[in-house]
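Using the sequences and the hints, build the whole thing.
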Amino acid sequence: MKVFVNKKDKIVPVGCSVETLTEILGIKKDESVAIAIEMEVIDKERWSNTILKEGDKVTLIRATCGG
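First residue of the sequence shown? That's 1 in our numbering, and the numbers climb one at a time after it.
No lab work stands behind these hints: they were computed from the structure. Watch out, some of these pointers could steer you wrong.
Under the rule of at most 35 Å between Cα atoms (straight-line distance), these lysine-lysine pairs were calculated in the DSBU-like manner [unchecked claim]: (1) K53 with K29; (2) K57 with K28; (3) K44 with K57; (4) K44 with K8; (5) K8 with K53; (6) K57 with K10; (7) K2 with K57; (8) K53 with K28; (9) K57 with K29; (10) K10 with K28; (11) K8 with K28; (12) K29 with K10; (13) K7 with K44; (14) K53 with K2; (15) K2 with K44; (16) K7 with K29; (17) K7 with K57; (18) K10 with K53; (19) K28 with K44; (20) K7 with K53.
Okay, structure coming up:
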């Protein structure tokens, strides 16, 4: 199934959760990230039970230090 992560195509398995997507993308559990699907921010507590759908637009923002 195809979703879009920061406007780039990404093929993920059908039934993929947000948590699984983070694993596919190599994001560590302790990394500071924010994820939105179709402009709705998904709390970390909901990552494991939020299932992506075909064509979802996912925005992923990583916190960085510095200026």
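Hint check against the structure, violated hint numbers in rising order: Those not satisfied: there are none.
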